[in-house]
Amino acid sequence: MTTATPHQAHPTPPARVSTGPLPPDQARRVLVRGLAQQRIARPSPTSARHALSWALEMTASGESPPPINLVADLGHLILGTDEPEASSSSDRPPSHYAAGLTPASPSPSYTALVPFYDRLIRRYDDLVIGKFLADPTFQRGAEAVRHYPEADRVKGVAYLIARIVERAGIQGPILSPAALRSLAGLPNEIVRDLLDTALEPSDDPNADAHEWAEEARQLDTLTHAIRDMGEVLAPEDLFELEERTALEQFGQRIALRQTVAMIQQFLNFLHTNPPRPSRSIRRVATRLLEEDAYPVGGFASLSNRGSLESLLHSQLAFMEPPDSKTPRPDLFDIKFVRDELLYYARDENAFYRRHRATFVLLRTDLTRARIKDPGSPRQRIILLLAFLVATIRAALERLGEESLVFEVIPPLTEDGSDPLDQERLLLARLLRDQIANRTVIFAAPRPIPALVAHIDEAARRSLVTVWTLGCSDPTPNDPDAPIALGTPLGGSSSVTRDSVIRRRLIVSGPVPLRSQADGSLTTSESDDASVLEQWQHTLREWLNDWL
Numbered sequence: 001m002t003t004a005t006p007h008q009a010h011p012t013p014p015a016r017v018s019t020g021p022l023p024p025d026q027a028r029r030v031l032v033r034g035l036a037q038q039r040i041a042r043p044s045p046t047s048a049r050h051a052l053s054w055a056l057e058m059t060a061s062g063e064s065p066p067p068i069n070l071v072a073d074l075g076h077l078i079l080g081t082d083e084p085e086a087s088s089s090s091d092r093p094p095s096h097y098a099a100g101l102t103p104a105s106p107s108p109s110y111t112a113l114v115p116f117y118d119r120l121i122r123r124y125d126d127l128v129i130g131k132f133l134a135d136p137t138f139q140r141g142a143e144a145v146r147h148y149p150e151a152d153r154v155k156g157v158a159y160l161i162a163r164i165v166e167r168a169g170i171q172g173p174i175l176s177p178a179a180l181r182s183l184a185g186l187p188n189e190i191v192r193d194l195l196d197t198a199l200e201p202s203d204d205p206n207a208d209a210h211e212w213a214e215e216a217r218q219l220d221t222l223t224h225a226i227r228d229m230g231e232v233l234a235p236e237d238l239f240e241l242e243e244r245t246a247l248e249q250f251g252q253r254i255a256l257r258q259t260v261a262m263i264q265q266f267l268n269f270l271h272t273n274p275p276r277p278s279r280s281i282r283r284v285a286t287r288l289l290e291e292d293a294y295p296v297g298g299f300a301s302l303s304n305r306g307s308l309e310s311l312l313h314s315q316l317a318f319m320e321p322p323d324s325k326t327p328r329p330d331l332f333d334i335k336f337v338r339d340e341l342l343y344y345a346r347d348e349n350a351f352y353r354r355h356r357a358t359f360v361l362l363r364t365d366l367t368r369a370r371i372k373d374p375g376s377p378r379q380r381i382i383l384l385l386a387f388l389v390a391t392i393r394a395a396l397e398r399l400g401e402e403s404l405v406f407e408v409i410p411p412l413t414e415d416g417s418d419p420l421d422q423e424r425l426l427l428a429r430l431l432r433d434q435i436a437n438r439t440v441i442f443a444a445p446r447p448i449p450a451l452v453a454h455i456d457e458a459a460r461r462s463l464v465t466v467w468t469l470g471c472s473d474p475t476p477n478d479p480d481a482p483i484a485l486g487t488p489l490g491g492s493s494s495v496t497r498d499s500v501i502r503r504r505l506i507v508s509g510p511v512p513l514r515s516q517a518d519g520s521l522t523t524s525e526s527d528d529a530s531v532l533e534q535w536q537h538t539l540r541e542w543l544n545d546w547l
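Be aware that the sequence shown starts at 1, since it is given in UniProt numbering, and climbs by one per residue.
Read the hints as simulated data drawn from the structure, not as lab findings. Incorrect hints may have been included.
Label-pair ranges, simulated between beta-carbon atoms [unchecked claim]:
#	residue 1	residue 2	range
1	Gln252	Asp433	18 to 28 angstroms
2	Pro149	Asn477	46 to 56 angstroms
3	Ala60	Ser417	35 to 45 angstroms
4	Gln252	Pro445	50 to 60 angstroms
C-beta: ideal position from N, C-alpha, C; glycine also.
Build out the structure end to end from the sequences listed, making use of the hints.
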């Protein structure tokens with residue numbers, strides 16, 4: 001007689017191989033039995049219709065739903081449930097599922113099945129439900145879906161479940177949308193009767209045993225898949241849920257997902273291989289503006305005693321001009337005598353905050369980067385956009401105490417059109433927070449002389465860098481040469497040519513070329529490194545030069 005242990009799979013018949021949707025009667029029975037075995041909410045017509053609507057939305061978007069009991073549990077974990085019959089899964093004994101199903105002449109397989117299925121239910125509660133409750137990415141995704149408008153929550157739940165199914169590699173029975181709709185359209189009384197009688201034994205005990213064995217195999221496979229997966233949601237999944245792009249068609253957001261995934265890979269590389277600038281010399285601004293210096297410490301750094309050098313500038317407002325008709329002493333003198341003037345209590349009365357302005361010039365020939373090279377994980381333009389966003393985020397992380405501004409300059413065309421409008425829209429989505437706090441600015445199209453004057457003005461008060469991104473190296477005859485190369489333009493000031501650092505990133509091949517201090521182009525190309533690894537090393541060297 002074959003027995004099963006808690007760590008040994010029970011003997012079950014081989015999995016049924018299905019090449020298409022289940023027959024209608026069998027599909028309804030699979031759905032009803034699955035809905036009767038959900039663990040988060042009590043089986044009811046309301047909870048059943050919710051689960052069926054989520055599964056229908058998945059099939060409508062081309063996704064294959066997992067077993068319906070997992071759909072129900074995940075959906076109720078995401079949105080919660082306020083049904084009066086809802087209860088914790090720990091309040092429901094697992095023996096509820098196998099009670100009264102022992103056939104008259106039980107087979108060895110079935111004898112070992114009942115206690116094994118009890119253990120599977122407990123393992124499902126601990127390893128599946130418990131994992132979702134403890135996983136921070138799932139909680140972030142669920143919180144984002146709960147803030148959707150009510151009409152969009154079904155789509156949000158279906159999207160979140162589909163991403164979990166994709167990452168875990170779960171596959172449920174193939175069900176036609178007609179089977180889901182027919183069950184969802186039944187009256188509440190019929191649905192309640194179906195749920196109440198779904199787990200009762202039929203006239204064929206051996207068929208019941210086979211059915212329970214198949215469900216046990218499916219539950220065991222599902223539990224192992226969820227247990228072995230890492231984080232429930234990927235960074236691109238969270239981004240789409242929180243930015244609500246998950247509600248769009250997949251074709252409209254595939255570039256966004258790919259770019260977010262590449263950004264995360266770039267940032268992960270920088271966390272393990274942080275940039276280390278090789279030069280100890282740092283560029284400093286030679287002209288300090290009043291707005292660059294500001295007091296620190298708040299009231300804790302103020303005192304009513306100190307030297308005139310430490311006098312708080314705002315106290316000068318109490319002084320009357322010499323030609324004033326106000327008799328002496330004025331209010332400033334009175335406060336001075338009464339020790340009511342305010343002074344800085346520290347030697348470091350004010351801090352200087354360095355200003356950095358970076359202009360990102362997107363050349364018109366970047367349209368040629370919309371190709372995928374052999375061995376490359378993504379298109380060149382996707383890698384370039386991820387490179388740019390990762391650079392900005394890394395700079396904000398390492399230079400947060402400085403005033404950083406990144407201004408994206410659109411392609412300079414004669415007719416004023418923007419051949420990279422889709423890429424700019426993608427960047428705007430990825431940098432939405434930075435755009436909101438004015439760290440990133442998307443410049444409006446303007447003539448070349450106006451751009452040169454704008455950069456010239458910024459160079460008078462900030463450390464200015466111009467990044468030129470394109471598929472070919474600019475030449476002095478190109479329209480954007482005054483910005484990319486600093487060539488003279490009419491009566492432009494020498495500040496733009498002499499005080500601006502200019503760097504170029506050329507994506508003429510699978511591996512980018514970056515400019516060095518002397519203007520020559522170099523690459524991180526290596527025979528034993530993949531295309532992605534060479535992009536990552538280029539990013540690190542790019543930050544080394546800039547920082």
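Evaluation of the provided hints:
For the hinted restraint 18 to 28 angstroms between Gln252 and Asp433, the CB-CB distance of approximately 22 angstroms keeps it satisfied. Checking the proposed 46 to 56 angstroms range against Pro149 and Asn477 shows it holds: the Cβ atoms sit about 53 angstroms from each other. In this structure the supplied range 35 to 45 angstroms holds for Ala60 paired with Ser417, their Cβ-Cβ distance being about 37 angstroms. Judged by the Cβ atoms, the range 50 to 60 angstroms given for Gln252 and Pro445 is violated: they are separated by roughly 25 angstroms.
Going down the numbered hints, you'll see the structure goes against just number 4.
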